[in-house]
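Peer 1: The chain contents come next:
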Amino acid sequence: MRDTPGLKLTPKPILILLLQIALLPPRVCPAGQLHDPVDRGQPGDAMIQEYLARETEKIEADFLTDIKTRAAGAGPIRVLEERLAGKAA
Amino acid sequence: MLARLREKSFHHFPGRIPAAVSVGTTPSGIVRLSTESPITIRLRPVRGATAEPKRIWLVVARADLNEAPPAWLKDYAGEQDAIYICEPRGIGGSQWTTRNPPNYVERSHYLLGRTVDSGRVWDIAAAARYLRASSQGKAEIYLAGEGAAAVLAGYAGLLEPDIAGLVLARPPASHTDPAAPPLLGVLRVLDIPQAIGLLAPRPVTLLDAPAECRQTVADIYRRAGAAERVR
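Line by line, the protein sequences are chains A and B. Each residue of the first sequence is one higher than the one before, starting from 7 at the first, in my numbering. Each residue of the second sequence is one higher than the one before, starting from 11 at the first, in my numbering.
Same shape as in the complex, but just chain A (with noise of 0.2 Å):
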């Protein structure tokens, strides 16, 4: 295979260039990612968002209302190790 004249590439220059991009400031965004601007364009936004806020919260208070004691509480963690353990077996 012919070498094309000016076109041989080295490993130095890839090294540098991985470098450079390496060093390059990163985009500074403090709070995370940002979220976009509540919608309030149309006349049914806020009844919506208020309606998912609030069934949110009610299956947040009944979430491990069945549960009563600790070791239910771990029933179905020590289900998914021993299924887990069978597997690895």
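A couple of the hints might just be wrong.
[Said to hold, decoys possible] Chain B stretches covered by chain A per the calculated footprint, using a threshold of three residues with CB under 8 Å from any CB of chain A:
id, stretch
1, 45-55
2, 102-109
3, 223-233
FYI, nobody ran anything at the bench for these hints, they're computed from the structure. Every residue gets a Cβ at the ideal spot worked out from N, C-alpha and C, and that includes glycine.
Chain A is fixed; fit chain B onto it per the hints.
Peer 2: Leaving out everything else, chain B in the frame of chain A:
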């Protein structure tokens, strides 16, 4: 089957959906109904109940209240019948911002184990009970809908025993049809024709329904001894 449907797709519904409550009327006569706090929907009388109607038709809107009642309704609604158009949540006066993607509202409903359309079924049933109560229980409530709205009306009929009959135009043949309203887990229990069949023995009229859908509904009605009640 109905119990399984409740468990899979309507698990967030109470045993019976309570009647909607009027929270105001606009000068043009549009009634604002609270169906499930904080959800409010609109109801427009097309032909109001000035006297004592024997039947009240509740037409499920597809776009908004300004749409005229479907032309085919005049073949079923008599001169003495009252007609109302109902906008379930997210339609017309309660429309919310929709961007596709990201479909925030629709996806949030899925995370809560429900869909926007299961909520619409609630609204229709609650509005039907409101109308029934407003006639002191004297008028029979009939539902009418077209396309996806016909399917929503069908499920509302299944879940609300006070609905006396339905006229369903051009219902999609299956929930696998993109035009059909999505309901979580519904295909684990039944599909649209079986859901309509479960309305037996209440009278159901199918207009321009797919042939297979019509056949399945007719078979179920025949087995229920109500063959003459499906047209």
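Peer 1: All hints, please: hold or fail.
Peer 2: To see whether the hints hold, each was checked on the structure:
Note: the stretch 45-55 of chain B has 5 residues with beta-carbon separation from chain A under 8 Å; the three-residue rule is met and the coverage holds. Counting residues of the stretch 102-109 of chain B whose beta carbon lies closer than 8 Å to any beta carbon of chain A gives 5, which meets the minimum of three for the stated coverage. For the stretch 223-233 of chain B, the assignment as covered by chain A is violated, since 0 residues bring a beta-carbon within under 8 Å of that chain's beta-carbons and 3 are needed.
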